[in-house]
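Given these sequences and hints, build the entire structure.
Chains as they are written, first to last, in full-length UniProt numbering: chain R, 1 to 346; chain C, 1 to 339; chain U, 1 to 506.
Read the hints as simulated data drawn from the structure, not as lab findings. Don't take every hint at face value.
Straight-line alpha carbon distances no greater than 25 Å define the calculated DMTMM-like cross-link-like pairs of lysine to aspartate or glutamate that follow [stated by the list, open to error]:
{"no.": "1", "chain 1": "C", "residue 1": "321", "chain 2": "R", "residue 2": "190"}
{"no.": "2", "chain 1": "U", "residue 1": "370", "chain 2": "C", "residue 2": "230"}
{"no.": "3", "chain 1": "U", "residue 1": "326", "chain 2": "C", "residue 2": "222"}
{"no.": "4", "chain 1": "U", "residue 1": "312", "chain 2": "C", "residue 2": "59"}
{"no.": "5", "chain 1": "C", "residue 1": "53", "chain 2": "R", "residue 2": "239"}
{"no.": "6", "chain 1": "R", "residue 1": "287", "chain 2": "C", "residue 2": "179"}
{"no.": "7", "chain 1": "R", "residue 1": "211", "chain 2": "C", "residue 2": "59"}
{"no.": "8", "chain 1": "C", "residue 1": "53", "chain 2": "R", "residue 2": "46"}
{"no.": "9", "chain 1": "R", "residue 1": "120", "chain 2": "C", "residue 2": "315"}
{"no.": "10", "chain 1": "R", "residue 1": "280", "chain 2": "C", "residue 2": "172"}
{"no.": "11", "chain 1": "R", "residue 1": "211", "chain 2": "C", "residue 2": "56"}
{"no.": "12", "chain 1": "R", "residue 1": "280", "chain 2": "C", "residue 2": "176"}
{"no.": "13", "chain 1": "R", "residue 1": "211", "chain 2": "C", "residue 2": "230"}
{"no.": "14", "chain 1": "C", "residue 1": "321", "chain 2": "R", "residue 2": "187"}
{"no.": "15", "chain 1": "U", "residue 1": "312", "chain 2": "C", "residue 2": "230"}
{"no.": "16", "chain 1": "R", "residue 1": "287", "chain 2": "C", "residue 2": "111"}
{"no.": "17", "chain 1": "C", "residue 1": "53", "chain 2": "R", "residue 2": "257"}
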Amino acid sequence: MTQLPTRRGLLFGTAAVSAGVLLAGCTSNESGDDGQAADNQPAADDQPGKQVTIGFAGPQADHGWLNAINENAKSRAEKYEDVTLEITEGSNDTAAQIGQIETLINKKVDVLVILPADGKALTQSGLKAMRAGIPVINLDRIFNTPQAYRCWIGGDNYGMGLNAGHYIGEQLKDKPNARVIELAGLDNLELTQQRTQGFDDALKNYPNIRKVARQAAEFTVESGQAKMAQLLQAQSQFDALWNHDDDQGVGALRAIEQAGRDDFLMVGGAGALSAFQAIKQDDGVLKATVLYPPTMAASAIDLARALGQAKGIGGLAEYEIPASITLYSAVVDKNNVDQYMSTGFE
Amino acid sequence: MTQPVSPPRGSADKVRPAAEAPAWRGLMARADVRTLSLLGVLAALIVIGGITKPDEFLDTRNLQLVLTQASVIGVVTVGMTFVITSGGIDLSVGAIVALASVWATTVATQEYGFGGILFTSVLVGLGCGLVNGLLIAYGGMVPFIATLAMLASARGLALQITDGRTQIVTVDGVLDLGERDAYVLGVPPLVLVFAVVTIIGWLLLNRTTFGRRTVAVGGNAEAARLAGIDVRRQRLYLYLLSGLCCGIAAFLLIILSGSGQNTNGNLYELDAIAAAIIGGTLLSGGRGTIVGSVLGVLIFTTITNIFALNNLQSDVQQIAKGAIIVAAVLVQRRTASTT
Amino acid sequence: MAPEPPLLSMSGITKSFPGVRALDGVDLDVQAGEVHCLLGQNGAGKSTLIKVLAGAHQPDTGTIHWRGEPVTLRSPIAAMRLGIATIYQELDLVEHLSVAENVHLGHEPTAAGFVVRRRTAKESTAHLLKRLGHPEIDPGRLVGELSAAQQQIVSMARALSHDVRLIVMDEPSAALDPDEVDNLFRIVGDLTADGVAVVYISHRLEEIRRIGDRVTVLKDGRAVAGGLPAKSTPTRDVVALMTGRNVEYVFPERPAAPGQGEQPLLHVRGLARDGEFEPFDLTVRPGEIVGLAGLVGSGRSEILETIYGARKPSAGQVVVAGRPLKPGSVRAAVRAGLGLAPEERKAQALLMLESVTRNVSISSMSRFAKAGWIDRGAELGAARAATRELSLRPDNPSVPIRTLSGGNQQKAVLARWLLRGCRVLLLDEPTRGVDVGARAELYAVVRRLADEGLAVLLVSSEVPEVLGLADRVLVLREGRVVHTAPAQELDEHRVLDLVMEGSPAS
Numbered sequence: 001m002t003q004l005p006t007r008r009g010l011l012f013g014t015a016a017v018s019a020g021v022l023l024a025g026c027t028s029n030e031s032g033d034d035g036q037a038a039d040n041q042p043a044a045d046d047q048p049g050k051q052v053t054i055g056f057a058g059p060q061a062d063h064g065w066l067n068a069i070n071e072n073a074k075s076r077a078e079k080y081e082d083v084t085l086e087i088t089e090g091s092n093d094t095a096a097q098i099g100q101i102e103t104l105i106n107k108k109v110d111v112l113v114i115l116p117a118d119g120k121a122l123t124q125s126g127l128k129a130m131r132a133g134i135p136v137i138n139l140d141r142i143f144n145t146p147q148a149y150r151c152w153i154g155g156d157n158y159g160m161g162l163n164a165g166h167y168i169g170e171q172l173k174d175k176p177n178a179r180v181i182e183l184a185g186l187d188n189l190e191l192t193q194q195r196t197q198g199f200d201d202a203l204k205n206y207p208n209i210r211k212v213a214r215q216a217a218e219f220t221v222e223s224g225q226a227k228m229a230q231l232l233q234a235q236s237q238f239d240a241l242w243n244h245d246d247d248q249g250v251g252a253l254r255a256i257e258q259a260g261r262d263d264f265l266m267v268g269g270a271g272a273l274s275a276f277q278a279i280k281q282d283d284g285v286l287k288a289t290v291l292y293p294p295t296m297a298a299s300a301i302d303l304a305r306a307l308g309q310a311k312g313i314g315g316l317a318e319y320e321i322p323a324s325i326t327l328y329s330a331v332v333d334k335n336n337v338d339q340y341m342s343t344g345f346e
Numbered sequence: 001m002t003q004p005v006s007p008p009r010g011s012a013d014k015v016r017p018a019a020e021a022p023a024w025r026g027l028m029a030r031a032d033v034r035t036l037s038l039l040g041v042l043a044a045l046i047v048i049g050g051i052t053k054p055d056e057f058l059d060t061r062n063l064q065l066v067l068t069q070a071s072v073i074g075v076v077t078v079g080m081t082f083v084i085t086s087g088g089i090d091l092s093v094g095a096i097v098a099l100a101s102v103w104a105t106t107v108a109t110q111e112y113g114f115g116g117i118l119f120t121s122v123l124v125g126l127g128c129g130l131v132n133g134l135l136i137a138y139g140g141m142v143p144f145i146a147t148l149a150m151l152a153s154a155r156g157l158a159l160q161i162t163d164g165r166t167q168i169v170t171v172d173g174v175l176d177l178g179e180r181d182a183y184v185l186g187v188p189p190l191v192l193v194f195a196v197v198t199i200i201g202w203l204l205l206n207r208t209t210f211g212r213r214t215v216a217v218g219g220n221a222e223a224a225r226l227a228g229i230d231v232r233r234q235r236l237y238l239y240l241l242s243g244l245c246c247g248i249a250a251f252l253l254i255i256l257s258g259s260g261q262n263t264n265g266n267l268y269e270l271d272a273i274a275a276a277i278i279g280g281t282l283l284s285g286g287r288g289t290i291v292g293s294v295l296g297v298l299i300f301t302t303i304t305n306i307f308a309l310n311n312l313q314s315d316v317q318q319i320a321k322g323a324i325i326v327a328a329v330l331v332q333r334r335t336a337s338t339t
Numbered sequence: 001m002a003p004e005p006p007l008l009s010m011s012g013i014t015k016s017f018p019g020v021r022a023l024d025g026v027d028l029d030v031q032a033g034e035v036h037c038l039l040g041q042n043g044a045g046k047s048t049l050i051k052v053l054a055g056a057h058q059p060d061t062g063t064i065h066w067r068g069e070p071v072t073l074r075s076p077i078a079a080m081r082l083g084i085a086t087i088y089q090e091l092d093l094v095e096h097l098s099v100a101e102n103v104h105l106g107h108e109p110t111a112a113g114f115v116v117r118r119r120t121a122k123e124s125t126a127h128l129l130k131r132l133g134h135p136e137i138d139p140g141r142l143v144g145e146l147s148a149a150q151q152q153i154v155s156m157a158r159a160l161s162h163d164v165r166l167i168v169m170d171e172p173s174a175a176l177d178p179d180e181v182d183n184l185f186r187i188v189g190d191l192t193a194d195g196v197a198v199v200y201i202s203h204r205l206e207e208i209r210r211i212g213d214r215v216t217v218l219k220d221g222r223a224v225a226g227g228l229p230a231k232s233t234p235t236r237d238v239v240a241l242m243t244g245r246n247v248e249y250v251f252p253e254r255p256a257a258p259g260q261g262e263q264p265l266l267h268v269r270g271l272a273r274d275g276e277f278e279p280f281d282l283t284v285r286p287g288e289i290v291g292l293a294g295l296v297g298s299g300r301s302e303i304l305e306t307i308y309g310a311r312k313p314s315a316g317q318v319v320v321a322g323r324p325l326k327p328g329s330v331r332a333a334v335r336a337g338l339g340l341a342p343e344e345r346k347a348q349a350l351l352m353l354e355s356v357t358r359n360v361s362i363s364s365m366s367r368f369a370k371a372g373w374i375d376r377g378a379e380l381g382a383a384r385a386a387t388r389e390l391s392l393r394p395d396n397p398s399v400p401i402r403t404l405s406g407g408n409q410q411k412a413v414l415a416r417w418l419l420r421g422c423r424v425l426l427l428d429e430p431t432r433g434v435d436v437g438a439r440a441e442l443y444a445v446v447r448r449l450a451d452e453g454l455a456v457l458l459v460s461s462e463v464p465e466v467l468g469l470a471d472r473v474l475v476l477r478e479g480r481v482v483h484t485a486p487a488q489e490l491d492e493h494r495v496l497d498l499v500m501e502g503s504p505a506s
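This is the structure in structure tokens:
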């Protein structure tokens with residue numbers, strides 16, 4: 001395994017960050033946003049304007065992606081002199097999150113950014129804030145009714161599947177009787193069903209490709225390893241694999257390594273740093289990953305600031321910011337990975 | 001006034017006339033029937049697997065795969081069997097595995113290499129077991145509550161250490177143990193560890209004073225105390241043992257997944273309890289079987305394997321798992337009461 | 001007798017549990033409107049009998065007639081439907097529910113079949129409480145907040161909330177003050193005047209005199225006397241029936257001067273436990289059997305368990321062979337050579353799922369173990385030797401202990417201590433749950449162990465047992481040693497007078 005010094009060395013470096021308690025996350029800000037924030041123009045404009053207090057309520061960061069959401073929101077807010085961020089402790093408990101939002105409303109923040117643990121269950125909180133005159137930016141997990149938010153911004157689960165399917169389809173389009181397998185995420189989440197639906201719809205465009213197996217893991221490394229090992233045993237030959245989530249992908253890659261298989265191409269999902277690094281390295285099966293970018297939290301802060309200062313978005317003709325923004329699930333492969341490297345989460 | 005002749009618990013213990021001569025044969029036969037019925041279930045599963053997926057299922061690689069996947073939860077279940085036999089319960093096993101796996105894969109730990117990871121896994125497991133044991137044996141807490149508290153705090157601490165990030169292992173010595181090159185005569189090292197833990201567990205439970213005391217404490221703690229057994233110290237040792245098993249399992253999981261994550265060991269407590277109960281260990285204590293527990297684990301792992309090979313989805317898997325738990329326990333009750 | 005059949009007639013009721021016959025052909029007749037007292041020692045079978053009556057236990061054989069019709073009481077609900085209510089001594093109330101909820105538990109007044117009509121429930125509860133002489137109990141209060149006496153009233157209200165014809169009261173006066181007892185008796189009087197029958201269980205003979213109509217005495221699972229007139233039967237006769245011999249036991253011969261001249265093996269100095277027993281002294285020499293005689297509640301078992309370290313004394317000291325024991329430590333006591341055969345054999349001594357061997361070897365495991373590793377051959381051999389010495393049947397220590405009779409289970413407990421090499425044997429009700437025929441053998445075993453040099457301390461509620469087996473006897477009453485004498489100088493009547501002093505001896 002010594003032929004992988006660079007990759008492991010890089011991973012070692014990321015693990016250094018992850019030992020957060022010991023090293024107090026000294027590098028996380030640097031890896032988070034400055035680079036990409038410099039690339040993108042902040043929404044309204046960079047000039048300091050009216051002071052805006054933004055309340056932010058999200059779920060518990062028990063997953064790399066959610067942790068990246070918090071980091072993105074925090075570092076984006078720090079960029080602006082005119083933004084004060086009131087961030088609550090993340091919670092997966094609906095009741096607790098309702099209470100936290102209540103507190104933020106009572107504090108009379110100017111704008112609220114809410115990533116609900118459960119979108120449907122927190123609709124009332126969104127409505128309450130809107131009625132109190134506080135505009136709500138609904139992040140990713142959508143409320144039941146558009147009345148509960150001023151603007152929704154989030155990822156596109158169906159689009160993720162669609163783009164993964166198209167990418168794989170293009171790679172295999174000249175191959176007769178191509179076989180594809182899917183390692184899905186937690187099956188009792190709606191987003192998993194949407195991703196699978198998009199994937200299946202895309203593959204319909206390629207009559208030479210057949211999806212021969214699908215197993216659901218649980219977004220964890222452990223389950224990714226276990227399910228992938230079974231899939232590899234079940235399918236002695238296939239051409240491509242789509243894995244919904246790069247976190248469980250760490251386990252899936254481990255299982256692939258253990259089985260000694262390299263006769264197919266793999267596409268990931270979400271956009272973890274370790275996946276970007278493997279794609280850049282290009283010495284394994286992982287050739288691409290489909291984004292579900294945590295930078296949406298930074299954009300949400302931009303939107304909130306624009307709302308608070310009553311401005312529109314740069315680059316659009318409208319005076320008002322849109323009611324709904326669906327992010328594009330870009331495919332990151334060897335050609336464009338450098339551009340995205342700084343947005344990768346651990 | 002108390003009833004001097006309260007009937008013993010356990011539905012299998014029907015009223016029987018005093019001094020029934022060949023009763024011991026019945027007991028022996030029952031023990032065997034229990035194990036045999038489990039072997040029968042496993043055999044039936046193997047037949048099903050062989051019929052539905054002859055090439056993929058009946059394959060050396062698949063055997064290695066099933067046994068490897070069984071190793072981590074299997075080691076945890078051996079420890080759990082001891083705790084349940086003593087009339088206790090350990091709900092914190094999954095959380096301890098998570099905490100140990102995370103603590104053992106921090107950058108600081110990984111600098112110490114193979115030994116550092118192994119040592120930390122085991123030590124964290126033992127430490128959590130010690131806290132459980134002290135709270136239960138000397139703090140007088142109910143095992144359910146004490147280990148539930150440990151579950152919450154260990155998971156919380158694991159999350160705090162990782163911030164939800166996946167900690168990737170870079171120590172080659174550890175990673176290599178999960179590769180095919182490390183197999184000893186075709187046996188993966190993880191499976192070897194599982195086998196050794198099982199054998200030691202069996203000997204400990206069936207051939208040593210430690211095992212006898214465990215059974216005595218679980219069968220009748222008051223009688224054990226009045227017979228001069230240090231019940232509290234025994235309880236402490238039992239939770240330490242469970243913690244140790246979790247530490248070993250965490251190390252195996254690190255080898256298997258090449259990483260440490262705070263979501264590791266998810267719901268291990270339920271899987272381990274279910275495997276032990278299916279195996280024939282009494283949830284109320286006083287009777288435990290390591291062989292049964294290991295068979296229980298193998299049955300679960302084989303089911304998962306067959307379902308995955310046949311590309312059945314997780315909803316069906318979960319339904320079937322529940323049905324098989326019920327069926328196995330019902331079959332056992334029948335065989336136990338009719339023999 | 002009235003020409004009509006008795007309200008309740010149980011005949012030939014037998015009930016066996018593994019290892020013991022709890023009821024052995026018991027007959028019981030109860031007339032409408034009478035107070036029928038049920039008397040007997042601990043373990044005589046009273047609890048089993050009332051559980052059969054309440055539908056909680058099914059009898060093995062025997063018939064039950066209710067108002068002349070044969071009935072089967074399959075469940076407590078079946079018994080309740082007939083009009084049989086039971087007030088257990090350990091009150092079966094739900095502490096976290098209100099008085100009214102408890103009274104109507106399982107038969108709540110409802111609207112539309114499922115909505116509980118709380119007001120109706122409260123009103124009817126208040127009415128019942130008033131009838132029971134306790135209008136001050138608020139039906140809305142939580143039962144857990146009430147005193148023991150009030151809880152008992154609630155339990156009674158629950159019984160009366162059904163259309164009840166027969167109420168079984170299991171030691172209802174045990175937790176009550178004297179004036180509460182008066183109220184209880186008034187209630188019993190009211191009930192019987194309404195034609196309700198009461199089966200009344202008590203240890204207090206004077207209560208039976210006051211309210212009882214007839215008495216049935218149980219002993220060793222048999223009714224040794226049925227339907228005696230409660231008012232006119234002499235107390236001594238009743239007590240003699242409870243404690244006396246109904247079979248001529250064969251007691252082993254006493255040696256002339258057991259342990260004479262030797263230093264005492266067990267020396268108890270000023271041992272006491274607050275609220276249980278007062279300071280007392282006691283010595284037992286090797287070869288000597290000392291008996292503790294007393295009724296239930298006299299502190300017999302508590303004394304034994306305190307000597308053994310299972311309870312912590314509030315004062316005093318236990319000295320074994322000249323060395324004081326660490327107080328409150330069973331392990332210290334066992335190491336010093338003490339062994340206890342406890343009163344509740346199944347709950348306190350035996351591992352019911354295990355073999356005889358493992359039950360016998362449990363206290364001496366380390367002797368068969370090297371570094372924790374048990375030599376099972378040596379263990380089995382030693383267990384076999386120990387059980388053979390006591391003629392335990394069957395002669396196969398591999399059988400599960402639950403298949404043994406009570407007497408043989410007791411022998412297994414003795415074999416445990418024999419194997420351990422214990423020097424002081426503490427026996428708490430050693431013949432409890434042991435068939436009458438097997439007792440003589442057990443007595444012989446105990447005497448032989450004493451002859452071999454053990455010091456034996458024996459507790460028994462059966463006076464003839466203490467007098468027949470012990471060399472010296474301490475008589476206990478309400479936690480106090482009231483008399484000490486060689487057994488030969490005492491007889492049953494003298495001991496009965498001593499243990500019952502204060503109760504009217506006819």
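These are the hints, each one checked on the structure:
no., hint, result
1, 321/C x 190/R, "holds (23 Å)"
2, 370/U x 230/C, "holds (19 Å)"
3, 326/U x 222/C, "holds (20 Å)"
4, 312/U x 59/C, "violated (64 Å)"
5, 53/C x 239/R, "holds (21 Å)"
6, 287/R x 179/C, "holds (23 Å)"
7, 211/R x 59/C, "holds (24 Å)"
8, 53/C x 46/R, "violated (62 Å)"
9, 120/R x 315/C, "holds (23 Å)"
10, 280/R x 172/C, "holds (22 Å)"
11, 211/R x 56/C, "holds (18 Å)"
12, 280/R x 176/C, "holds (24 Å)"
13, 211/R x 230/C, "violated (61 Å)"
14, 321/C x 187/R, "holds (16 Å)"
15, 312/U x 230/C, "holds (16 Å)"
16, 287/R x 111/C, "violated (31 Å)"
17, 53/C x 257/R, "holds (24 Å)"
The structure shown violates the earlier hints numbered 4, 8, 13 and 16.
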